[in-house]
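Could you put together the complete structure from these sequences and hints?
So the sequence lines, in the order shown, correspond to chains A and B.
Heads up, the numbering used here is the position in the first sequence plus 7, with the first residue counted as 1.
Heads up, the numbering used here is the position in the second sequence plus 7, with the first residue counted as 1.
As the list makes no split between identical chains, a pair holds if one copy fits it or if it spans any two.
Below, simulated DMTMM-like cross-link-like pairs (lysine to aspartate or glutamate); rule was C-alpha separation at most 20 Å, straight line:
(1) K28 <-> D91
(2) K28 <-> D90
(3) K125 <-> D43
(4) K122 <-> D84
(5) K125 <-> E58
(6) K125 <-> D90
(7) K68 <-> D43
Read the hints as simulated data drawn from the structure, not as lab findings.
Quantities reported herein were computed from a predicted structural model and do not represent experimental measurements.
Residues per chain are reported as follows:
Number of protein chains: 2
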Amino acid sequence: MTTASSSATAAIAEELVSFCKAGRNMDAIETLYSPDIVSIESMGNASMPREVKGLDAVRGKGEWWRTNNEVHAATVDGPFVGDDDKFAVYYNYDVTFKPTGKRNNMEEMALYTVKDGKVVREQFFYRTSDT
Amino acid sequence: MTTASSSATAAIAEELVSFCKAGRNMDAIETLYSPDIVSIESMGNASMPREVKGLDAVRGKGEWWRTNNEVHAATVDGPFVGDDDKFAVYYNYDVTFKPTGKRNNMEEMALYTVKDGKVVREQFFYRTSDT
Numbered sequence: 008m009t010t011a012s013s014s015a016t017a018a019i020a021e022e023l024v025s026f027c028k029a030g031r032n033m034d035a036i037e038t039l040y041s042p043d044i045v046s047i048e049s050m051g052n053a054s055m056p057r058e059v060k061g062l063d064a065v066r067g068k069g070e071w072w073r074t075n076n077e078v079h080a081a082t083v084d085g086p087f088v089g090d091d092d093k094f095a096v097y098y099n100y101d102v103t104f105k106p107t108g109k110r111n112n113m114e115e116m117a118l119y120t121v122k123d124g125k126v127v128r129e130q131f132f133y134r135t136s137d138t
Numbered sequence: 008m009t010t011a012s013s014s015a016t017a018a019i020a021e022e023l024v025s026f027c028k029a030g031r032n033m034d035a036i037e038t039l040y041s042p043d044i045v046s047i048e049s050m051g052n053a054s055m056p057r058e059v060k061g062l063d064a065v066r067g068k069g070e071w072w073r074t075n076n077e078v079h080a081a082t083v084d085g086p087f088v089g090d091d092d093k094f095a096v097y098y099n100y101d102v103t104f105k106p107t108g109k110r111n112n113m114e115e116m117a118l119y120t121v122k123d124g125k126v127v128r129e130q131f132f133y134r135t136s137d138t
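This is how it looks when you write it as structure tokens:
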């Protein structure tokens, strides 16, 4: 652990959580993300690969999500800050997926990696429905 | 945020991660968990409910997992500590599930809640295979 890098990570973590708590997720991307951001989902499928790279691809994912989901309520908890260059955030979205009209609780954790003052990697861990 | 509770959370978080890095997950449960621990998986099924309560149930889950999985390698990253009573840990297990012989990468994040010096809640977020 270096205190310097941990403090820098904590500062970016706080900024990201502030944006997301205000519903300004796209501002977090535009302000805090590296052009070389790598974004990794829990699962991929034919139309949405598990891993995408670059700001345009991440913007596209965000736009797709906002277009297809109606958000009824959102909880953002964190950040959870590690010793080094990583931090985590907990998200819980009460959403209706517009194409199906199905309302569900989208609960996930995201693990972020910071390098040179920018978020260079985001990885999501989630479930999307109760069983 | 109260610094006191955050420090107590951080101390328990460090202990838990130390145990898990040493492969002593059961010692973490015996030492750090509340008798009223609530344990929540990403998904449940007929034989394993998504949510279980109590030390015996959590011990049972741990024993089931150890019996059925051969661990080839384990990575434990963290803890990631929040402002209040919660912390997170990242786990990555390279395992073979003995009943099927299938080897896969089990990658997950766990979110823990601490109360009165004990872990009272653990919730797992994961995927179990590549797509």
